[in-house]
Amino acid sequence: MGIFEYAPAPESRDLANLKSHYRPFVNGEFVDGSGEPLKTINPATEEVLAEVGTASVSDVDTAVKAARKAYNGVWSKMPGSERAKYLFRVARLIQERSRELAVLESLDNGKPIKESRDSDVPTAAAHFFYHAGWADKLGYAGYGPNPKPLGVAGQVIPWNFPLLMLAWKIAPALATGNTVVLKPAETTPLTALVFAEICQQAELPPGVVNILPGAGDIGAALVGHGDVNKVAFTGSTEVGKAIQRQIAGTAKKLTLELGGKAANVVFDDAPLDQAVEGIVNGIFFNQGHVCCAGSRLLVQESIAEELLEKLRYRVSTLRLGDPLDKNTDIGAINSAEQLAKIKGLVESGDAEGAQRWTSPCPVPERGFFFAPTVFSDVQQSMRIAREEIFGPVLSVLTFRTPDEAVTKANNTPYGLSAGIWTEKGSRILWMANQLRAGVVWANTFNRFDPAAPFGGYQESGFGREGGRTGLEAYLDV
Amino acid sequence: MTATTSSSAATATPSPLADATRDEASLRRFLHGLPGVDQVGVEQRAAGLGTRSIKKAAKLWAIDTAISMVDLTTLEGADTQGKVRALAAKAKRPDPERPDTPRVAAVCVYPDMVETAVEALRGTGIHVASVATGFPAGRTSREIKLADTKIAVDAGAAEIDMVIDRGAFLEGRYLEVFEEIQAIKAACGSAHLKVILETGELATYDNVRRASWLALLAGGDFIKTSTGKVSPAATLPVTHVMLQAVRDWFVQTGELRGVKPAGGIRTTKDAIKYLVAVHEVAGEQWLNPDLFRFGASSLLNDLLLQRRTQADGHYSGPDYVTVD
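Chains as they are written, first to last, in numbering that gives the first Met the number 0: chain G, 0 to 476; chain P, 0 to 323.
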């Protein structure tokens with residue numbers, strides 16, 4: 000290859016303190032679940048990392064009972080300032096154990112260490128810090144003088160940001176006085192179980208946080224449990240709809256963060272080099288396993304060719320490979336199943352006549368990898384323009400006028416995020432008002448902050464996480 | 000370069016670029032029609048690339064490459080022939096105990112010291128570069144700038160580092176700046192021209208991009224960030240914008256032009272960050288002293304120390320390299 004070959008710079012795997020067995024966490028203790036144990040694998044090597052005990056339906060009941068007891072007995076009665084202390088302690092422990100968590104996350108999920116180290120873990124800690132600050136100020140947050148918690152929250156999270164999604168769910172629930180039972184994703188349970196250790200270290204009262212590894216049936220049992228007051232789910236639209244059907248007619252409160260097919264709109268006066276960076280960050284961050292990924296690039300026709308040329312050059316410099324290498328930009332696809340799904344959709348793009356360009360980067364022989372891919376000549380009617388691919392695959396469409404850009408951007412069943420690239424401030428504001436998306440980024444993409452509410456429109460779900468608005472989902476107001 | 004630069008690699012300057020410099024109005028239209036630079040975005044990208052981890056063989060390669068790209072510089076009022084000769088000796092044998100150490104690319108001095116430097120470096124292949132055109136402020140007449148250049152070239156300078164008229168640029172008199180660069184380029188004869196934009200005084204990244212294109216249109220062989228006399232001097236984001244300009248120039252015209260960050264780059268760690276930027280922003284063709292230089296005086300010693308550290312397995316300290 001090139002003349003400047005970066006030597007491998009792998010982070011030490013030992014930092015992860017990987018154990019051969021992990022167990023569910025109920026009522027402050029690690030317990031034997033009565034479900035069938037599952038093996039979690041390293042998607043970059045296909046090796047088994049650890050065996051993880053799972054919960055059965057009866058364990059769900061035990062965990063919900065523990066959460067209820069903790070809710071009634073301790074947590075809901077505790078002054079907010081006291082709850083804040085626990086949350087601050089958790090936040091600090093996440094920081095203290097950040098290298099361990101980052102390496103473990105990269106091993107289990109396949110994401111590059113530079114993302115788990117610089118993005119996932121620090122943002123997870125930030126969520127606990129932020130929500131700790133709210134715990135004693137809820138009476139002044141504009142919900143009335145004395146907003147009440149809801150009770151026991153049943154939470155189900157996805158595999159793309161295992162620790163970060165846990166933080167998004169648990170931090171606001173605890174800050175507002177709820178207790179939780181959380182089910183991590185089947186393929187990425189490990190950091191959630193290290194988080195359980197952190198709960199022990201922080202001396203969180205038993206039962207406040209319970210973590211039950213398992214498959215979809217455990218999620219369904221948790222969501223459907225009669226003594227759960229609030230359900231929060233992040234994952235696929237399909238499962239989200241099933242949950243909504245399942246709990247329809249009950250008094251349970253629900254928030255759903257589902258799929259997306261975000262439009263990233265580039266006008267001809269955009270700062271092109273930074274737009275290219277934003278496009279790359281929008282779709283290739285976390286291998287494209289991001290529900291708000293900018294997976295539909297809408298480019299003004301007058302600059303489409305120039306932008307695509309720059310984009311292809313830039314994408315060809317992305318380094319794909321060992322997630323633990325500090326120089327890796329794109330890691331492994333999380334599972335064989337997901338890789339097959341990506342391949343299937345890419346084949347449909349070929350079959351429907353889009354032009355496929357794939358980065359010439361070397362691809363490791365073992366593990367689940369997919370080279371960054373850009374489809375041009377994509378039309379609205381193609382599957383790759385409508386369905387969420389959830390992988391490092393970008394679909395490029397063009398438009399002629401601002402109105403057409405808005406129409407095409409909104410022409411999707413989803414509505415989680417969008418991006419606008421232009422030097423014209425007035426156009427940014429006009430576009431942002433027209434776009435049906437929960438988050439609209441201007442001249443940037445994929446920026447997150449615990450203070451900024453995040454959530455969707457239409458099939459991207461409802462409810463918001465983060466900020467003052469996010470707290471509301473865990474309060475009786 | 001790679002297959003990605005397929006369509007427009009013609010050798011002649013394409014007609015849109017020739018039109019750009021027809022008159023003041025078209026030059027302004029062209030420069031202001033260049034895509035803007037988003038400050039947050041470019042700084043984020045520069046910071047991100049700065050975290051590449053370069054070790055072992057890659058680091059040794061980077062150190063040697065960086066040494067071969069150094070324009071060893073002395074630009075002081077107190078420069079003497081003795082100082083210049085000492086610098087020339089250092090350029091020839093950067094690390095006397097390790098003859099495999101590469102030589103630097105050039106020695107950079109004021110015009111009146113060119114003769115001394117040429118004498119001291121004869122037969123070595125190391126170029127003598129000279130800052131002409133009323134360095135560093137450039138606040139003097141065109142006649143004097145041209146004379147300054149001619150004196151340096153006649154004395155044997157193979158490279159001329161000129162400063163642009165920042166006043167004229169900031170007033171929007173782009174054609175004047177353009178014509179001055181062209182005139183100096185003509186006065187250079189066969190010497191290479193490096194155009195110093197003094198980016199610290201241009202203030203915005205948009206201006207840096209416009210000045211870069213202006214210098215490229217006027218025939219500058221290199222675009223250079225700074226004189227080293229103004230703070231901030233070279234920064235990574237500014238260099239990113241300039242690398243992007245030479246890459247875009249290459250894609251449009253097929254011509255290769257160089258970039259030289261100067262001032263404030265003192266450590267091996269910093270130099271490697273610049274090399275990563277060259278590699279990933281412009282492309283690996285630019286990883287070459289013909290197309291990338293460091294303007295520096297103190298950087299070389301840190302490169303030499305780090306080179307020894309890589310070879311010996313331990314750090315030896317500043318007393319083990321020469322002070323010149």
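No lab work stands behind these hints: they were computed from the structure. For every residue, glycine included, the Cβ atom is placed at its ideal position computed from N, Cα and C. Hints are supplied without guarantee of correctness; some may be wrong.
Cβ-to-Cβ under 8 Å is the rule here; a few derived chain G residues that face chain P [what the hints assert, rightly or not]:
#: 1; residue: Ile-2
#: 2; residue: Glu-4
#: 3; residue: Tyr-5
#: 4; residue: Ala-8
#: 5; residue: Glu-95
#: 6; residue: Pro-270
#: 7; residue: Asp-272
#: 8; residue: Gln-273
#: 9; residue: Thr-316
#: 10; residue: Lys-325
#: 11; residue: Pro-412
#: 12; residue: Gly-424
#: 13; residue: Trp-429
#: 14; residue: Ala-431
Do the hints match the structure? See the list:
1. Ile-2: 6 Å, holds
2. Glu-4: Holds. Min distance 6 Å.
3. Tyr-5: Constraint on Tyr-5/G satisfied, holds at 5 Å.
4. Ala-8: Hint on Ala-8/G: holds, closest Cβ of chain P at ~4 Å, below 8 Å.
5. Glu-95: Violated - the Cβ of Glu-95/G stays beyond 8 Å from chain P, reaching only about 22 Å at its closest.
6. Pro-270: 4 Å, holds
7. Asp-272: 5 Å, holds
8. Gln-273: This hint holds: Gln-273/G lies near chain P, its Cβ roughly 3 Å from the closest one there, short of 8 Å.
9. Thr-316: At 5 Å from the nearest chain P Cβ, Thr-316/G passes the 8 Å test, so the hint holds.
10. Lys-325: With a closest approach of 4 Å, the Lys-325/G hint holds.
11. Pro-412: With Cβ-Cβ at 30 Å, over 8 Å, it is violated.
12. Gly-424: This hint is violated: Gly-424/G lies away from chain P, its Cβ roughly 12 Å from the closest one there, beyond 8 Å.
13. Trp-429: 19 Å, violated
14. Ala-431: 17 Å, violated
Hint compliance for this structure: hints 5, 11, 12, 13 and 14 are broken, all remaining hints hold.
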